[in-house]
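Q: Chain residues, written in single-letter form:
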Amino acid sequence: MTFGYYQTEYFFDELFERTGEPRPHTASFIESLEGISYPDLQAIQRAAEASLYKLGITFNVYGNKDGREKIFPFDIIPRIIDATEWNYLEYGLKQRIKALNLFIDDIYHNQHIIKDKKIPREIVETCPGYYPQCANHRPAKGIWSHISGMDLVRDKDGTYYVLEDNLRCPSGVSYVLENRQVMKQTFPGAFKDLTVRPVEEYPQWLYDMLAWVSPEQSHNPTIVLLTPGMYNSAYFEHAYLAQKMGIPLVEGRDLMVTEDKVFMKTTSGLKRVDVIYRRVDENYLDPLVFKKDSVLGIPGIIRAFQKGNVSLVNAPGTGVADDKAIYHFVETMIRYYLNEEPVLANVPTYLCTNETERKHVIQNIDQMVVKPTNESGGYGVIIGPSASPEEKASCITAIQNNPRNYIAQPVISLSRVPVLSEKGYHGRHVDLRPYILYGEDIRVLPGGLTRVALKEGSLIVNSSQGGGSKDTWVLADNGGYHA
Amino acid sequence: MLSRVAESLFWMARYIERAENVSRFIAVNMHLTLDLASDAIQQWDPLIATTGDQTIFYHKYGKSTQDNAIQFLIFDEDNANSIKSCLIKARENARGVRDVLTTEIWEQINHLYLSITSETAPLEAAQNVFQYCKKLRLETQLVKGLVDNTISRTEAWHYLYLGRMLERAEKTVRILDVKYYILLPKVEHVGTPIDNIQWAAVLMSASALDMYHRQYRRFLPSSVAHFLLFNRDFPRSVLYCLTKSESSLCAISNTPIGTYSNEAERQLGRLRAQLEYADINDIIQNGLHEFIRDLISNLNEIGNTIQDHFFSSQSLPTSSLKEIYA
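Residue numbers (my numbering), protein chains in the order written: chain F, 1 to 483; chain U, 1 to 326.
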């Protein structure tokens, strides 16, 4: 089916130039798509969705009464990134995660960055993710945020911006891996013609990193993946990663702490655990330290961690850097700790705690995206241009009542990628979440999760808000074409 | 292996086996209804009786018509032992232990779940119950085939096999008991075609008819009972199932067969030995139904002991976790 009528309108399109021509690195793929008839494309799309459903690649939606899982909608047109662009992104992401880790370590030790007045003490200490209990502790190998997923967006002119640093339990990498499996079956020819960089090594990288941060340097550390259980929205991913790494998937009730060491309850007695990839939120991790009524956690696990008897990945306390007000200062951190200029820019961000900025936000609320500083999944976000007068009024009241809880950013015209819809190809907005592993070295999975707003005109790409996903192809260094 | 995981594997296997057995019962009973004159007997009552769930059935449906019985046994989610309930629970357990199952097993269980919970499933069953039950049977057997062909013979497989064998032993016992509930219209019908059809149905319910024929040529109550209870080679006989259960239990705890290291092994070994030395004529003399009743209660006790000994480190049942998230 032809792209002849496809319109990029006034947005940046990942596959097409503004003139309507395919970009050089996408031309051969576009040509091969044009050779497939519309009914065949639809059949391919349906087959791809059916195979995800059969595999049980689903997520749970909170508050969904019938308990049925939904598949994460998937669109078969990939986003394609050329090698040069990727190298630049990769460099920028590594720089950013290095600085963020130095920041967390500094906050729990000397707090130089506060003393040097680069970041106000008050903003740091009012972070819900700041835990004074973590002070003076240093996790194994000095790393706090081992696994991160930073959300990137592109504006009208194609500039990349970091929208969020997800440093706690970023999810979605299993979709990247499964989408790729589906795409290989869908467009085998394209993989032969283009040199798409593989993503399949991720579970091995993850395992290597987890083994490397083991407190005891044994050859065969016991590593487990801790899940809140099968009713958690990301349970599929937890089970998937545990299976691919060949490590036990455990729940809080499977673990116990005695003499400040962590054990799992097996049919042949207790077994010592060295490393826990925890997908349980910090607040629920240890009822002795955090939420007292949590049944998901393991009493005493934080003490075991502080004594250095178990490694927790990501380390508790990491949340201090995963706060939208702290995000405002990441460029400052890069300059401060690394003495480098940031490669990737932040989206301009207004802190509502600052009186001038707050006034600006309230006056220009029509043009702003207002976000709670500590929510994820797009919950509580107000998009100025599309909000009703009532929504805007209650948002202003909320900001005035609790300025620390809000930041605002100008609306970004997210870049677009064509999707296959009922009526042919149409541009839909996307973002990109690359995954970064910080162990012996820093590794960035080539590609990441491209989330797409499937509704026409929508800017909301979160799965919990009806978004879908696409495969992300990073082309290899030879320019993406076989000689 | 985590205790929670062992428990889920055990129950996953039990539910799959149960679903398969129920689908076989239904198909056999359909055959039976077609072979008998319509006024012969209330043909679905015995089947409901053997499930052990007759109280809730009569409370909810009143009469044991074919439609009611099929709805109750296949699709009724209020019936904890309906095929649908079993498959939902099997998948729930499988989901909790996905990391130790192979992708192939998970996909097949997920497929079964999606097919029985689909909106068109009741229609499909109504169009042809035979076909529908046969499909379910083959699909559940596929799960077992995948378990046997894709899982290493380590602890996980032994818990799956233990669950399957204990469930099967119990179901075979109950099948044999069906004959007790099928009352012949008159005493002189003993040994007539009706009687023979019923014995054949009992054997078919255990997928045992062909193998029975190879060993015995005629239908004799004592031969049928002997075959289903004590045959050493037939994979659905109670003795076979208990022998295999015992060897898996011993493999799990690394105990030589014939000795025991825990209460479950002791009870299982004792029951197995009891069956090995039992005499079918004595049993029939003293009442087959009474013997079966004791056997079921022994099997239940073994199940409870396994639960206590191997899985008891559970601090919180799954159901209460669900409430936390609701």
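Treat the hints with care, since some could be wrong.
Lysine-lysine pairs mimicking DSSO-like chemistry, simulated, CA-CA at most 30 Å apart [unchecked claim]: (1) F:Lys271 to U:Lys244; (2) F:Lys54 to U:Lys63; (3) U:Lys244 to F:Lys265; (4) U:Lys135 to F:Lys271; (5) U:Lys135 to F:Lys70; (6) U:Lys84 to F:Lys70; (7) F:Lys70 to U:Lys144.
Chain F stretches covered by chain U per the calculated footprint, using a threshold of three residues with CB under 8 Å from any CB of chain U [stated by the list, open to error]: (8) 46-57; (9) 241-250; (10) 322-331.
Some chain U residues near chain F, calculated using beta-carbon distances under 10 Å [what the hints assert, rightly or not]: (11) Glu107; (12) Ile151; (13) Trp157; (14) Asp308.
Derived from the structure by calculation, the hints contain no laboratory data. Yeah, the Cβ is synthetic: ideal placement off N, Cα and C, and Gly gets one too.
Q: Could you tell me which of the hints above the structure violates, numbers in ascending order?
A: Per hint list: 2, 4, 10, 12, 13, 14 violated.
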